[in-house]
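**Q** Sequence:
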Amino acid sequence: IGFEFRHTRIAVSMELFASPLNARFSRFCSAALDVDAPFGSIGSFFSPRLTQRLSQGSFEANPPYDPPLVSAMAARMHALLRAAETDGAPLAFVVVIPYWVDKECWQTLRDSPFRTAVIHLEQADHGFFEGGQHYRHGLWRGANHDSTVFCLQSAVSAARTPMDASRRAAIRKAFAQPSVSCEYSQLNPEPLARHASRNDGAVTPAPVLQCGSVLQCGSVAAATMRAPAAAARAGDGAERRGETPCLCNNHSKSPSNSSQQKKRKRRRASSLSERASARA
Numbered sequence: 001i002g003f004e005f006r007h008t009r010i011a012v013s014m015e016l017f018a019s020p021l022n023a024r025f026s027r028f029c030s031a032a033l034d035v036d037a038p039f040g041s042i043g044s045f046f047s048p049r050l051t052q053r054l055s056q057g058s059f060e061a062n063p064p065y066d067p068p069l070v071s072a073m074a075a076r077m078h079a080l081l082r083a084a085e086t087d088g089a090p091l092a093f094v095v096v097i098p099y100w101v102d103k104e105c106w107q108t109l110r111d112s113p114f115r116t117a118v119i120h121l122e123q124a125d126h127g128f129f130e131g132g133q134h135y136r137h138g139l140w141r142g143a144n145h146d147s148t149v150f151c152l153q154s155a156v157s158a159a160r161t162p163m164d165a166s167r168r169a170a171i172r173k174a175f176a177q178p179s180v181s182c183e184y185s186q187l188n189p190e191p192l193a194r195h196a197s198r199n200d201g202a203v204t205p206a207p208v209l210q211c212g213s214v215l216q217c218g219s220v221a222a223a224t225m226r227a228p229a230a231a232a233r234a235g236d237g238a239e240r241r242g243e244t245p246c247l248c249n250n251h252s253k254s255p256s257n258s259s260q261q262k263k264r265k266r267r268r269a270s271s272l273s274e275r276a277s278a279r280a
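According to the UniProt record's numbering, the residues represented by the sequence shown are 1 to 280, in order.
Read the hints as simulated data drawn from the structure, not as lab findings.
Keep in mind it's a predicted model, so treat the numbers as computed, not measured.
Each hint should be verified, as a subset may be incorrect.
[Claimed, not checked] Distance ranges between label pairs, derived from CB positions:
1) S271 <-> L33: 18 to 24 angstroms
2) S44 <-> A124: 30 to 36 angstroms
3) R110 <-> P64: 29 to 35 angstroms
4) N144 <-> E104: 21 to 27 angstroms
5) P48 <-> E122: 15 to 21 angstroms
6) A174 <-> A269: 22 to 28 angstroms
Glycine included, C-beta positions come from ideal geometry on N, C-alpha and C.
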C-alpha cells in the first residue's frame, strides 16, 4: 500500500531488492540476474554495471533484514548520492527497514547527510502487500515489528520533491491497514489492474477478475497481484466450471459458485442413486 503512494506521489520507478514473484514494477533489481532477467530484473543493486542506471531517479529499497547487507546498501547509496550532488542530478531513495535503533546500519541511515525524512511506523499501524502471495491467502499482511522509512535525497531531488509534513503524513497513512471488511474493495483498481509487459518495459492493462460476490465483497483484484501462474490456474479452473474467478480470498463462496456446487452435488447424488438401483 505504501508502495502505491510512493509510486504516485514521489515518482518511485523501481525496486532495488525484489524478485519476479515479489515486484511492483516492470523493471527491478534482484540477486539472480541469470534467472530473473526474463522476468524484468536488471541485476543486483550492488553491480557496478548499474551505476549509470541508478545515477538519477527515485527508487524504493526494502532489503533483506540482514544488518551487514543493509550497511552495504547504505554505503552504495551514499556513493551514488555523492555523485548525483556533483552532477546536479535528482536522485532519491526510499528505504524501509525494521526499527533497529541499536544497530549501526540503522544509525548510519539516520545520520546520513542526505536524509530528508525519518518516519517511525509502529507495528500495529502498518503493513505490506504480501510478498508470498503466490502461496499464501490474501494480498495484505500486518507488520510483525515496528519499521522505519528513511528518505535519502540529493539537493535537486529534495528541492523538487520536499518531504514536508503533508508528505510524511500521507506516507504514514498509506501504510495503514485498510479499515473495510474486504481489504481491497476501496483501493483504486487501476494500479491493481495493470501488469508489466516484458516488451521494452511497457506497462499494459491486465485482465481484471471481478469478485462474483459483490454484496459480500465488491473487490476488484488483478490476476497479476498473485503469482501469474497461480492466477492463471485459478482463472482457467473457474472458467471451465462456469464460475467467476476471484482471487481476493477474503470472503465466503460467492452465490454463483455456491449454486454451481449445489448443482454438481445433485448430479452426483442422482448418479449414485441410479447406480444403486441398477445393482439392486
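**Q** Does the Cβ distance between A174 and A269 fall inside 22 to 28 angstroms?
**A** For A269 against A174, whose Cβ atoms are near 51 angstroms apart, the range 22 to 28 angstroms is violated.
**Q** Given the range 21 to 27 angstroms, decide if the beta-carbon distance of N144 to E104 lies inside it.
**A** 23 angstroms, holds
**Q** Cβ-Cβ distance between S44 and A124: within 30 to 36 angstroms?
**A** 34 angstroms Cβ-Cβ, so the 30 to 36 angstroms window holds.
**Q** Hint says 29 to 35 angstroms; check whether the CB-CB distance for R110 and P64 agrees.
**A** Cβ of R110 to Cβ of P64: about 20 angstroms, so the range 29 to 35 angstroms is violated.
**Q** Regarding P48 and E122, is the given constraint of 15 to 21 angstroms on their beta-carbon distance met?
**A** 38 angstroms, violated
**Q** Range first: 18 to 24 angstroms. Now tell me if the beta carbons of S271 and L33 are that far apart.
**A** 54 angstroms, violated
Hint violations for this structure: numbers 1, 3, 5, 6, all remaining hints satisfied.
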